[in-house]
Every structure is written in structure tokens, then in C-alpha cells.
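A.B. asks: Chain by chain, the residues:
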Amino acid sequence: MNSNLYALLGLGVAVSFVMALKGLSAPKTARRGNLIGAFGATIATVIVFFDPSSKEHNNTLLIIAAIAFGVLVGVPAARKIQMTQMPQLVALFNGVGGGAAALVAVVEYLNLSAEGKPSTANLIATVFTVIVGSTSFSGSVITFMKLQELMTTRPVVFPGGRFVIAGTLIGVLASGGWTISFGGNTPLLVMGLLSLLFGILFVLPVGGADVPIVISLLNAFTGLTVAASGYVLQSTLLIVAGTLVGASGTILTRKMAEAMGRSLFGTLFGAFTAKPQALAVGGEARTVKSGSPDDVAILLNYAQRVVIVPGFGLAVAQAQHTVRELADLLAEKGVEVAYGIHPVAGRMPGHMNVLLAEASVPYEQLVEMEEINPTFPQTDVVLVVGANDVVNPAAKTTPGCPIYGMPILDVASAGNVIFLKRSMRPGFAGIENDLLYDAKTTLLFGDAKDSLTKVVSALKAL
Amino acid sequence: MTTIPTMAILTIFVLSIFVGFEVVSKVSTTLHTPLMSGANAIHGIILIGAIIVANGATSTLEITLSILAVVLATINMVGGFVVTDRMLEMFKGKGGKK
Chain R
0 MNSNLYALLG LGVAVSFVMA LKGLSAPKTA RRGNLIGAFG ATIATVIVFF
50 DPSSKEHNNT LLIIAAIAFG VLVGVPAARK IQMTQMPQLV ALFNGVGGGA
100 AALVAVVEYL NLSAEGKPST ANLIATVFTV IVGSTSFSGS VITFMKLQEL
150 MTTRPVVFPG GRFVIAGTLI GVLASGGWTI SFGGNTPLLV MGLLSLLFGI
200 LFVLPVGGAD VPIVISLLNA FTGLTVAASG YVLQSTLLIV AGTLVGASGT
250 ILTRKMAEAM GRSLFGTLFG AFTAKPQALA VGGEARTVKS GSPDDVAILL
300 NYAQRVVIVP GFGLAVAQAQ HTVRELADLL AEKGVEVAYG IHPVAGRMPG
350 HMNVLLAEAS VPYEQLVEME EINPTFPQTD VVLVVGANDV VNPAAKTTPG
400 CPIYGMPILD VASAGNVIFL KRSMRPGFAG IENDLLYDAK TTLLFGDAKD
450 SLTKVVSALK AL
Chain X
0 MTTIPTMAIL TIFVLSIFVG FEVVSKVSTT LHTPLMSGAN AIHGIILIGA
50 IIVANGATST LEITLSILAV VLATINMVGG FVVTDRMLEM FKGKGGKK
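Chain order of the listed sequences is R and X. Note that numbering that gives the first Met the number 0 has the first sequence beginning at 0, numbered continuously upward. Note that numbering that gives the first Met the number 0 has the second sequence beginning at 0, numbered continuously upward.
Hints were generated in silico from the structure; no laboratory data involved. Just to be clear, a hint being listed does not mean it is correct.
To be verified - What follows is a list of derived Cβ distance ranges for each label pair:
(1) R:433 - X:7: 55 to 65 angstroms
(2) R:54 - X:88: 21 to 31 angstroms
(3) R:288 - X:88: 38 to 48 angstroms
(4) R:31 - X:5: 50 to 60 angstroms
(5) X:24 - R:151: 33 to 43 angstroms
(6) R:79 - X:5: 38 to 48 angstroms
(7) X:24 - R:433: 51 to 61 angstroms
(8) R:162 - X:58: 49 to 59 angstroms
(9) R:6 - X:24: 27 to 37 angstroms
What the hints assert, rightly or not - Derived DSSO-like pairs (lysine-lysine); straight-line CA-CA distance at most 27 angstroms:
(10) R:459 - R:395
(11) R:288 - R:27
(12) R:439 - R:459
(13) X:25 - R:21
(14) R:21 - R:54
(15) X:25 - R:439
(16) R:395 - R:254
(17) R:459 - X:25
(18) R:288 - R:459
Quick caveat, the model's predicted, so the values are computed rather than measured. Every residue, glycine too, gets a C-beta built ideally from N, C-alpha and C.
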């Protein structure tokens, strides 16, 4: 292929990525934007086989087989995943991307080293890619395990942990310096292993509620590693695409942190400041008021205004459709119904909107936190379905608890609060919710979908 | 291999940072998750880097590592775009009202 034509097509692909990101930031154009990006990526993958600057084509068949294998793994995973598990899938995809970038840098390093010591600039870019790519890979695996609840969602903190983390980081940087000064395979191997360890240690102390911010940050990191490999491989497309993701990912991470009321600094360096905390215990002795589906139906039936607060429990129980049935039934009876959507309801910002859209809840009924909070004093009943942390007043009243400072839905100012919960188990952030013991609170235990179905039939019988 | 001047690379890099900042500056909270997922798919473009190094790989070690990179990058890219599309599919018909 003519090298100008090749460069021109590469430019077109870079433009398609800019348009993809632009499209993805507005609801109307989001889907089209994603498709434009996918189209651009496909073009890039096809034309790279005709890259005029690469003289060798040693493993074409093997490469095509590897791509086919990747498609066979990736597509079914993305197609079959439950929407509730989607955040951890994104984390995993990000991790393998980071791993791929690190491997590319390693192979290119081996390749260049065979012809003598690579230039310092190349070495710096390689070291950066391997460190950040490996960190992103192992960090993403830990976030995946946290979200999949394969391990505890609480911050994992051990005495002296911060010294271990700081020590590992120093080791990573020292082995990086060693690689840059002397080259050779041993320093690179040591550096890669230490970076993997650092990724694990970096994510372990992050509490469950902060995990989405970490995924977003690791995503931005992976983007930068792609840009750095672009420098080593002399590919402007990789530089542009990687930098775009790095920059937009950084902005997105900041916006997410703002939406959750978290300081980015606190989240990231929590590892260095976190102290082992006593678990909240002693709640067992307090009494809660639990009600029957009939009690709940009566409360709802005589209300003027009901706000439904959906949480991750609703998603787990697949109760989106039942909750909509209940809302429709109440609307028929003349009750005003709205949904109060916390920015991080579910597992990630915007996750709950995706889930409710799946159940075709009208978009106008989904009210964001800032708009719904002032209306709670005029609300008779709040129905909290499988949510906990996002309505926990501890975020306002208990300094030092993991969610302190996070904006919450002010459901305590409503007339009555009904919690549909599976058990008294605390929420994802692992802290007690005092609101559960409040006099105006009624609890209905059980699977969210079951409970809602019972409430719907009780309501029909009234 | 033609070498791109370092200053040209620096220019591209800095301008791309600003474009990256600018394009997502007005994103609504609703779209945070799909946008993250879409950006995640875009960095799957490391696939072309993996293909480039696999093209030149000769030793068993290089071939093994670069083919593994191709597999991982493909999963990242293809899976990323597909899952983003699935998320956005659900906004269908209701988008644009806000």
C-alpha cells in the first residue's frame, strides 16, 4: 500500500475516534458514536496488514487465528453478560487491554535489544508502558474480583500496609531506572513483576463504593500506555487514540468523583492514609419494624406522592419490570410516582438508568438526585428497593466512615420510608444504616422481586 | 522504518490531550458508564501495535508474547464495542429527551 494512502487512512481512523467520543457524550448520538468508533477500529485492523513500513510478515496466519480466537471469547462475553455484571466486564476488558500494551512493549524491547541497546527515549517509553500496563492489568483483575464479590468489597487494609505499598512503588521505580540505565532482560522482568504486585496493593485498600472511580482511572492509564507504545512503534494512530482515551478518561474520572462527592486524591492515596477500622457492630440489639406486603400496600395506596429509590438489589433480583408494574398501578390510582436516581445507584454512574431503560420505565420519571432531594419533605412514602448506601445518613453524620461526604438521597425527610431488603446485611460499602432503625421506617424482608409481586397483588385487592 | 521527528510527536500528543479534554467536557451523568466503556474499547486499538510486533517476531518467546497480546487486545476492542452497544441499545427511543 502506498505510504501516503496508509497515513491518510490512519488519519481517518483517528478522526473516527474523536467523533466516537464526541457522540458518546450526548444521549441522542451515543449509539452512532460507538458504531463510528467500531468502524474506525475495524478499518485500522485491516489496513495494518498492508502497512508499507513493516517489511516482515512472519506470522500472518497465526495473527489472524489469534484475532478470530479473541473475537470468539470477547463477543459472547459481551453479549451474554447480565447488565448487572457489566461494570466488572468493563474492568476486565480494560485489564486485558493494559496487559496487551505491556506485552507489546516487552516484545518490541526484545526486538530492539537484539540490535544493541535501544535509545534512552525508547527505553523510557517502554518502561512506562510495562509499569502502567501491568499495574492496570493486575489492578483491574482485583476490581473485577471485588465487583463480582469473589473477595470482600471492604477496603483491605493491614498494619504497615502503606509502607509495603510505598516500598513496592520505590522498587518499581528503581527497577525502571535499572532497565533504562543498563537494558537487559532481568531488570525488565523484575520491573514487570513488581508492577503487577503494585497494581494489586494499589486497589486492595479501595472501598467497594470507590471502585468505579478506580476502573475509570485505570482506563485512562491504559490509554496512556497505548500512546507510549505508539511512540516506540512510530505509529501516530496509536499516539492519538491512546492520548484521547488518557485525556478524556482523566476528565471522566474527575467528573465521576465529583458526582459521588469523593475527593480524587483521597480515593487514590487512600492506600497511604487508610487505617484499619473497627467494624461497625452492636446493631444487633436494636429493634427494627418489619411489615407485611399488606402493610406496605396500604401505606402506598393512601399516599399522595411516592418516590421509588432503586438500588443494586433491584437489579440483582431482576425486579425492574415488577417495579414498573407497581408504579403503573399506583399511577392509575392517582398517586404521583417518581424514581429518585442516585448518580451511582447500581455500581457505576449511570448504571441504574441503563437498567431501568431496559424495563422501559419512562425517561421523564427518572429524576436525578439534585432535583428530587428538595421534594422529599412533600413525599408521603419512599420505597427503597434494594438500595442502602445511597440513602445512608452516615454519609452526612459520621466523619471517617467510608462513604462520609458522599451526597445521598435525603429520604429521611419523607413521611414514611419502606425498605425492601434481603436481610439486615449492610450495603456494598459495608457500613450500618441507622435509618433502618428509625421509627418512620418499615422493612419488608425478602427477594425484591418476590416482595414487589406480593405488594402488587395486595394493592390490587384493596 | 521511517522515523517521525520527536517535535512532531510532541505536537500530536499535546493537541490530542486538548481534544480529549474538550470532547467529553459536557457529558451527562447518565452517560458516564457507556462513555467509559466506549473509551475502553478505543484503547483496544493497541491491537494494531500487537499486530505490528507480531509481524516482526522471530523467536518463540517473541511470537508467544505477541500472539498473546493480539488475543488480549482483540478481546478488549471487540468486546468493548459490543458491550457498549448493548448498553446504548437500551436508551433507544427514549434518548434525546433531556
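A.B. asks: Hint compliance check: list the failing hint numbers for this structure, sorted ascending.
C.D. replies: Hints 2, 4, 7, 8, 10, 11, 14, 15 and 17 contradicted; others consistent.
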